[in-house]
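S.K.: Listed below are the residues making up each chain.
2 protein chains.
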Amino acid sequence: MGNTKKPYVIGLDLGGTNSVFGIVDADANIVASTSVKTQGHKDVNDYVDNCCAALQPLIDNVGGIEKIQAMGIGAPNGNYYTGCIEFAANLPWKEQVPLARMFRERLGVPVVLTNDANAAAIGEMTYGVARGMKNFIMITLGTGVGSGIVVNGQLVYGSDGFAGELGHVISVNDGKGRDCGCGRKGCLETYCSATGVARTAKEVITTSDVPTTLREIPVEEITSLDVALAAQAGDKVAQGIFEFTGRMLGEACANFAAFSSPEAFIFFGGLTKAGDLLMEPIRKAYDENVLRIYKGKAEMLVSKLDDAKAAVLGASALGWEIE
Amino acid sequence: MGNTKKPYVIGLDLGGTNSVFGIVDADANIVASTSVKTQGHKDVNDYVDNCCAALQPLIDNVGGIEKIQAMGIGAPNGNYYTGCIEFAANLPWKEQVPLARMFRERLGVPVVLTNDANAAAIGEMTYGVARGMKNFIMITLGTGVGSGIVVNGQLVYGSDGFAGELGHVISVNDGKGRDCGCGRKGCLETYCSATGVARTAKEVITTSDVPTTLREIPVEEITSLDVALAAQAGDKVAQGIFEFTGRMLGEACANFAAFSSPEAFIFFGGLTKAGDLLMEPIRKAYDENVLRIYKGKAEMLVSKLDDAKAAVLGASALGWEIE
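Going down the list, the protein sequences come from chains U and W. Numbering of the first sequence is given in numbering that gives the first Met the number 0, commencing with residue 0 and proceeding in unit increments. Numbering of the second sequence is given in numbering that gives the first Met the number 0, commencing with residue 0 and proceeding in unit increments.
Next up, chain U with everything else stripped away, as it sits in the complex (with noise of 0.2 Å):
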């Protein structure tokens, strides 16, 4: 018989807006897909239930449940070893929700959870740019910075299931550091997510008077997407802002490298699609700054899977991990 995997895996992307479910193929193909709100189960026992309704006609559709291998979850905050979501801040469940085994008591599948950078790195891995990588470092720059560390093939879980939080490395440590929503000062995360783009456009706009066509804007209602739309028409002030973004990274990089001497970094989120306003610098400053036996040796690539897709697949990719 040989592998007798069954034909498709349940991906599920859990975000503090939505969760969006696919069923997936082993080709990677989403064969069907839904989602349900997040938001507005104060039980999670109900949100568990509607989930499982809205699922049902998507089993029915690919055959039934026994058609389906098993179900990945990629949740903020989920730890791989307990299946537990642990005080997630975004979501309405603050104590300890052990959401593997309440889906897996439903659907009578096995049911496997990590955090979203994980699962992006899993999907990577499965279906993206590390096919065939050993060693290599996830970089998710979404609202935060998440990350997803691979070493000998496997995800690093750590002794708790929570490694793998390079967003909250310290970059700036002489106490001048930006204030971070973990309680500390000048974490990675507080200058290289999408907010951190916007929060170094405010600084530039109020502490300088320089022209930037990002005052046309009212400086609380800057985004990253503003910043990095001026900066493909042109505006200076707004491609200083990628660059010093992307040199931060570039830098943390080089202390990364340091660790575990990954074959490539990978960038994925909405702030990679400024594209090389963003990936130069890193590349630049990475070189700049790592030690000399890793130069030259670490691609940084750039996430080729479709933004909208690639949470579910990395998702559904766990699931394809289970033995």
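Just so you know, the hints here were simulated from the structure itself, not pulled from any lab data. Source: prediction; values computed, not measured.
Where chains are identical, the list cannot tell them apart; a pair therefore holds if satisfied intra-copy or between any two copies.
Restricting the straight-line Cα-Cα distance to at most 30 Å, the calculated cross-link-like pairs of lysine-lysine (DSS-like) are: (1) Lys93 with Lys296; (2) Lys296 with Lys272; (3) Lys296 with Lys175; (4) Lys5 with Lys133.
Dock chain W against the given chain U, drawing on the hints supplied.
M.R.: Same frame as chain U, now just chain W:
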């Protein structure tokens, strides 16, 4: 038959001055040892020949080469993947030296090689305080700062065999960091190695007029041992130097936790002789700086292996790992 392993492995701790050999049994007893000067062999073939000549009586004494399972070598810039020493600054051979192959051809047993800090980590895992641990970080505080990182029970070698150079993570990145032998500025090892402690002492003495017994020593001759002895005798300046060193290490380890969330950091090397003068500020700075989800999780341990034996034991432990 079950376990068909032979009773002994050979460990080689290859240092800049001496090469120390031990024949080690499965209970970490060094049943025989010898050493050869590393310096003075311009041709690496002569070096290996002399080593094998020195080893032969020891091998004969334990019943011949058929009693030897394998040989493990810990050496500066040793690459596990290639079995080569690559461009080590403190060794007489500047090129890439295929040392594992050379010993294998002469001795007729499998030979594996890695850098000295990785060997120390394997030694702790096999014989020391890391027994049973799957995720820990070994930090060696010697002339430099070395590291060996274990994730999922495996040494992290990375894409090129050179992963785990945490002594070269940039700790001071405002451009005012100390010059490092690697050509960059602000590396952890410029502050937290034995050399770094001596540099701190010189800085304090030459840039202030605080009273300290360290002024009794010619400033260029102050060593980390002098600082430790003065600190233990109650000298406040010397104590402050260890406080500073420990704080730098604790802050660095807080960042390392975000990578692999280890269950322990294990410190080894001369500086650890300072005991709580070093370890207390490490623990305090770690606790103050680590991301909340990691707080209270990682132990800060000092190696209990005998300094004189640890390097040979670590190298020998590599030998047991060969399949």
